[in-house]
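Assemble the whole structure, with the sequences as input and the hints as a guide.
Residue numbers (the working numbering), protein chains in the order written: chain W, 36 to 589; chain A, 15 to 326.
Be aware that one or more of the hints could be misleading.
[What the hints assert, rightly or not] Computed Cβ-Cβ distance ranges for the label pairs, DEER-style:
hint: 1; chain 1: A; residue 1: Gln-99; chain 2: W; residue 2: Gln-227; range: 32 to 42 Å
hint: 2; chain 1: W; residue 1: Gly-266; chain 2: A; residue 2: Leu-24; range: 42 to 52 Å
hint: 3; chain 1: A; residue 1: Gly-174; chain 2: W; residue 2: Ala-427; range: 56 to 66 Å
Simulated from the structure, these hints should not be mistaken for laboratory data. Note that the structure is predicted; figures quoted are calculated from it, not measured. Ideal Cβ placement from N, Cα and C applies to all residues, glycine included.
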Amino acid sequence: MTEKLHPIVEKAGREFADGKLERREFLRLAVLLGVAAPAAYGMAGLAAPAMAQGMPKKGGIVRIGMRVQDISNPHTYSWIESANSGRQVLDYLTVTGIDNVTRPSLVQKWEATPDLKTWTLHLRRDVTWRKGRKFTADDAIWNLKRVLDDKTGSSVVGLFKGFILTEFDDGQKDAKGNPRKSVRLWDANAVQKVDDFTVKLNGQSANLSIPESLFHYPLLILSPEDGGKFGVGSDGTGAFELVEHEVGKRSVFTARKDGYWGGGPYIDRFEIIDLGDDAAAQVSALVSKQVDMIYQGAISTLPTIEKLTHIQVNSVDTGYTAVARTHPIKPFDDKRVRQALRYATDNEAVLKGALRGLGKPGEHHHVAPVHPEYADIGYLKRDVAKAKALLAEAGYPNGVDVTIDARPQPDWELLAVQIMVEQWKEAGIRTKINVMPSAQYWENWTKVPFGFTTWAHRPLGTMILGLAYRTGAAWNEANWSNAEFDKLLTEAEGYLDVEKRRAVMAKLERIMLDEGPVVVPVWRAVFNFSDKKIKGYKIHPSIYIDAKDVWIDA
Amino acid sequence: MLRYSAKQLLNMALTLFAVSFLVFALNELSPGDVARKVLGPYASQSQVDYLTVQMGLDRPVLVRYAEYMGKALAGDFGDSVVFRQPVSALMFDRLGNTLLLAAISFAVIVPLSIVLGVLAGMRERGWFDRAVSVFSSMCASIPEFAMGVFLLGIFVVWLGWLPGTSPLRSDTGWSLWMQFVLPVLVVTFYDAGYLIAMVRSSMVEVMRQPYIRTALLKGMSFHGVVRRHALRNALITPFTVILLQLNYLVSGLVVVETLFAYPGFGRLMLEAALTKDIAVIEAGTLIAVSVTMLTQLFGDLGYMALDPRIRV
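If you want it as structure tokens, here you go:
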């Protein structure tokens, strides 16, 4: 390495050499802090993942079954499906791969100051928009400022709040008459143009995950000339052009004729066909070869899919789960009742019954084995007698009657709830299931007293604990509060050394097992289906789909 | 008859007005917030507030209703928040698809039911009658989704003769008419089962009438009796029932449309209801109610034409 390494990378390198830092974690840190991915793989002594299966062939059409949504406003996308349409035409500044490692994209190289407050982004100099203009720092800055403007309505705001945005009273009142808080850039120079190909982010506090945050799915880089709107014919730096788009029906993309800076695309045409939400319809379309891929698989269709010889199942283990979570109100205000709930649950049976074994049994503390700082504190075995005893101790010798709210989609969630309810019944926790449509559930997900809520995959265990269980956090749906937990979590977040973090994580996990508000039955594997002629496709834990990597072996 | 029709049409206008207000009010009461829906569960409250003001949703419900009706009377049904396009264009397209499916199904169901029902009913308890009865009660009692999956299993997965979905595009490797076969088949089985039973029982009743026996005893041939004396009388009751099937065929095809990914009116309404896409819900409800009331009116008029004893 001729270039100077970030001091944290140097320190991490020493820890890694001393065996204190896990290989994967070192790799993630090193690339986050600006070491190019192949070099980092080399430094960590890992082989870089092989990119292609044989020599890609040119030509052909790939059709995928996925919802075709309104995609006119990329910066406010709140669905992966929309982002999967937008990303064919537009690029991101960075890209987080299927291995949880963030790599350069429109940003060729990045550097952070030792205090992690200032990030310098060096842009690629060889990128042109399809309509001929050169991609420059002005384009990147226009997009960054637009997503960080509260009025745009982008969820990117949440990720940059502490780092570069500050809350202020905007003089308006909210619906309840309280003063409303808006956010704005903390400093006029927060997003700074250094030269035509260099942008500086001047933060007010340290942030380790800027490169990962730049890949948040609404942060697609649009041409400022399109004014934030996207549609047929819109300019882009990406590999395809959108030539047809009909919401609820289909989208058609054609390969860029003047060549793409990032390699590929191999196929001539990419089509998205809207098959609705019905899982059976999606399989029917695959069977009769009306589509070549399906965006996401449903458990109920697996037995059929496994019998089809021309289809393959793509799957990857993740930190995706859904948790049965309680509010601290009767009977769940007593921690013994919450413990009883955990002792009454048989996670392996849920995994088998609801997910056909695709994934891993959960451990009730919401930190997954795929997280780098995961601490193995032992698997909580089902113990019905103990659950009954705990309920009796808590003053419910005859058991309790409760109602759990759940959604019918995706199908495995309701199935998991039904299985757990049967298990809980044996321990005297008699549960009624109240099924509500997803849209309605998402209106109430933090308000229902006892509910079953999906949690997406996050790269770090501390991230998920901070989002869902820290006192007063916006997504703390359990209204849970534990001062010691909060203190330990802040401590864990401050450690770069993954072993130190793991030691604290073990304590956090024990608190979750002892007092926590949730049952975490499983870790899902995310999966989908594709025709065996489709090559070069690997499923991403967030199901991001890039048609530019895909080719057809007819 | 003219007075009756005019009265019914006025009645219909009043009903439509009442329904439009009810739908608007109910939508207001049901949980969920349109701006929240557009921005997703993870947007902050201030972002949702901005959009709410921008869309004019912060104004009282009566003001918004009055504005909506004013525009609707002028032919502008507003824009869908989910699809971001005028409702009229959206409806026209989806309704057209559903009407096409309904028309083809109707053209199969009606002759099939009448022929099978009459043939079965004219010789009560004959072998053909028994066979038809078993067939029709089986069809009517199997729900559409079960029938759909059953037929998919046979014709798509096993035999591979037909396409599994019907997105109504000819460039998916299957011709358009083949994409219609399975949806029409499912609708036909489900609906014809019921209609055959109706026609049959009506026919059976007529065949028991004394004038049929008289006609037979005076030496008229059996088929002549059926054609000249039984048929018209036997079709009076089923006539209304047949017209009522139009309701089902226009607004009740949700299951079939979802199962076969058919871009129709029922699926559009289902999704609109789940996303609180009020402009679509309003327009769709008004269409469904109009269809119901118009078929009732035509049913009454047709009834009069068939049976001279009935006067309104």
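Hints versus structure:
| no. | hint | result |
| --- | --- | --- |
| 1 | A:Gln-99 <-> W:Gln-227: 32 to 42 Å | 40 Å, holds |
| 2 | W:Gly-266 <-> A:Leu-24: 42 to 52 Å | 45 Å, holds |
| 3 | A:Gly-174 <-> W:Ala-427: 56 to 66 Å | 60 Å, holds |
Figure legend: structure checked against the earlier numbered hints; every hint is met.
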